[in-house]
Each structure stands twice: as C-alpha cells, then as structure tokens.
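Number of protein chains: 2
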Amino acid sequence: MGFWKNLFSGSVRGESPEAMASSVNYGASGEEFPLGAGEVSSQTLPDSGSQSLSRFAGSNVRVFFSTDRDLDLYELEELCDAVGWSRRPLRKVKKAIQHSFLVVSMWEVRGAKRRLIGFCRATSDHAFNATLWDVVVHPDYQGKGLGKALMKFLIKKLRSEDISNITLFADPHVVDFYRTLGFMPDPEGIKGMFWYPD
Amino acid sequence: MGFWKNLFSGSVRGESPEAMASSVNYGASGEEFPLGAGEVSSQTLPDSGSQSLSRFAGSNVRVFFSTDRDLDLYELEELCDAVGWSRRPLRKVKKAIQHSFLVVSMWEVRGAKRRLIGFCRATSDHAFNATLWDVVVHPDYQGKGLGKALMKFLIKKLRSEDISNITLFADPHVVDFYRTLGFMPDPEGIKGMFWYPD
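Residue numbers (our numbering), protein chains in the order written: chain A, 1 to 198; chain B, 1001 to 1198.
Warning: the hint list may mix true and false statements.
[To be verified] PhoX-like mimics (lysine-lysine), calculated; alpha carbons at most 25 Å apart, straight line:
{"hint": "1", "chain 1": "A", "residue 1": "Lys92", "chain 2": "B", "residue 2": "Lys1094"}
{"hint": "2", "chain 1": "A", "residue 1": "Lys95", "chain 2": "B", "residue 2": "Lys1095"}
{"hint": "3", "chain 1": "A", "residue 1": "Lys94", "chain 2": "B", "residue 2": "Lys1156"}
{"hint": "4", "chain 1": "A", "residue 1": "Lys113", "chain 2": "A", "residue 2": "Lys94"}
{"hint": "5", "chain 1": "B", "residue 1": "Lys1156", "chain 2": "A", "residue 2": "Lys95"}
{"hint": "6", "chain 1": "B", "residue 1": "Lys1113", "chain 2": "B", "residue 2": "Lys1094"}
{"hint": "7", "chain 1": "A", "residue 1": "Lys156", "chain 2": "B", "residue 2": "Lys1092"}
None of these hints come from the bench; they were simulated from the model.
Because the structure is a prediction, the values reported are computed rather than measured.
My request is simple: use the sequences and hints to build the entire structure.
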C-alpha cells in the first residue's frame, strides 16, 4: 500500500484489502445463519436484504453485515489504523460514504458489545458499473473466510441492483484472492490506470 | 473492445476510448479560444467553469465542451454506433448519466447546426476517487488533439472538485495515450480487475 500512502498523500487508500479473510454484517435486526468452525461460508449470506447475522460455531460471538451508512467515523478510523492506512480527513470520509452507492460494514457482537471489524464501499453509476474501494478486514479477524463473505455479500447486493460490471484495483498479493471470487485481472489486456498530477 | 461486447453483452463498454484525438465543449454561452490549425491545445481549456468554446483556425467550425447532462440520448447512441459499440438500453444510459458525478460532451458547431462529436463521464464518491467511463470521440474528429483536450478538461474539472485519484480502464492500444496525460498503468503492480459472473 506504499503507493497509495506516498502518491496520494494518504488521501486515497484501501483500493485493495490489507487483509482478506472473514466477515459478516450488523443490523438492528437480522437473520441468523449457522457457520462452520471459524469459517464463514457463502451459505451465511442472506438471500435478500441488507442485514444478516452469522454466528461462529460453538461460541457466543456473532458477526453481522450492515449496509447502514450512519457509521461512527472514529470507529472506522480505528479499523483503518489497525491495517496501517494513513489517516484521511473525517469530513472527506463522511462525504465519500454519503456518495458511495453501497456501503457494507461488518460487525462482531459479543453479548451487548459490538465492534466494527470490516468495511467496504462501492461507487457506481447506478446502472452499469460499480467500483470497490476501502476494502478492509481487521487483522484480528483475518484468515476466517470473512473477507470472502464480505465480498460475496457485496457482489450479491450489486447484482440485485442490476449492476453487471464490478471493478476494483487490487494489490498484487490479493489478486489471487479476488480471482477466486470471479474477478479477472487485465481482461484482454485492459489496464487499470491512475492519474498522477504533474 | 471485444471483451466488453462479449463478456458483458454490450451492457458495458467505452472504458477506454475507441478514438482519441481532438475535442472541446458546448455551452449556451461560452468563451472563445484561439486554436492552432487542426489542433486543440491545452490553452483552449477554460481556467474555470464548465463551458468553453474553441474554433478551428481558419474555419467557421467551432468546438465546445459542455457538462450539461440533458443530452439527446439518440444522438449519443449515434455517436456510440459510429465507434462500433453495441447498443445499451436507453433507460439505463439515462440512469447512468444521471448518477455520474461528471458528464462532459463535445460539440461541433457549423453555423446554426451543432453535432455531438465526443463524450465522457465519471463516477465518483465526491471526495477521493473518480473513475472514467464511456470515453469516445467520433471517428471523423480523431487525430486532431480533441481527445486530449477532452481529457484535460475532465481532469481539470475533477481537480477543481478536489478529486485527487482519477482512475480508468484502458484498452492496450490507448495506454500510451493516457500515459502522456499523466495516467500510470498498474502502479506498484496494482491490478485493475473485473468481476465476471460464474
């Protein structure tokens, strides 16, 4: 992620996940889904709706997905800090969230406490294309299939909105992760390019 | 552009320009800029505002840029037909234009007649990122520096909105074109990826 930190002075980052592992959603109410031990499978994803609930087998820890964009920005900043992203002005983060087409957050719930453990958002023209940004899973929750579940939830939501072209910019070490989800790098030699001021 | 036509059944295309050459803007009113013969230079771009006017030296043909998104969709379809793109439902094109952050059209004016000769739009989170889509210059108007002028106008507009990360997906044969404008392919190995349904 050095590129993002240096080139854009911390104003842009998270174009690919620092960590891809496990994830699910939070909602004021949610459906519950059984999970294999330590693994969030695609079956944990809801057929419809923006809220779902998963539970780690054999524990009282639950994990939720939410599309509610009324997030505590300090909590989001804390999550981004945990994966080493440089800080961005909260005013701009708030604006970016407001103007994203889809925002997905992932929450762990232990008893009465909930914790933001993952995040992703997508910009879109609401018709053809969506582009994913700020994909992140907290390091403590990586390696459990939650990143995959987060992405599958997000893809499902975008597909339900009739978006057929989903794009992203992936760091080299997560290209294979995205490939397993059906993302193709450079199809027919098409290059992702980034504008850099003179 | 075969990939876009085949993979996404014509629902997505124009992620890179079919033709990159010359361009300027239309507005109900506009400033006029001198031009070198057959070449639209960067000096033709307005310092601010969404409308500008350029004139091909030694002719009564003028070229305008506009950010007005109230376009005749049939005229836009005709432009896209001219570069061989497969047709998209106008209902979705309309929606995509409505929900784009920035729409730039390029017009040729001969006397009382005006003609749409170029187009580009950008999705954005209004804060950090913008992604360019549907970049097109009519084949009759390529090779005159208008594509470059169109892109410079667009970049200037995005920069004026404090967008610092401008991205696009370029066909191999236009990567060098975008490079001259300051776009970098795969910086630090970051890959543009596209989701493809199973």
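Each hint tested on the structure:
A distance of roughly 28 Å separates the Cα atoms of lysine 92 of chain A and lysine 1094 of chain B; the hinted pair therefore is violated under the 25 Å criterion. At roughly 22 Å between alpha-carbon atoms, lysine 95 of chain A and lysine 1095 of chain B fall within 25 Å of each other, so this suggested pair holds. Restraint check for lysine 94 of chain A and lysine 1156 of chain B: satisfied, since their Cα atoms lie roughly 24 Å apart, inside the 25 Å limit. For the hint pairing lysine 113 of chain A with lysine 94 of chain A, the CA-to-CA distance comes to about 24 Å; that is within 25 Å, so the pair holds.
As the CA atoms of lysine 1156 of chain B and lysine 95 of chain A are separated by approximately 20 Å, the hinted pair is consistent with the 25 Å bound. For the proposed pair lysine 1113 of chain B and lysine 1094 of chain B, the alpha carbon gap of about 24 Å is at most 25 Å, so the pair holds. Straight-line distance between C-alpha atoms of lysine 156 of chain A and lysine 1092 of chain B comes to about 20 Å, which keeps the hinted pair within the 25 Å bound.
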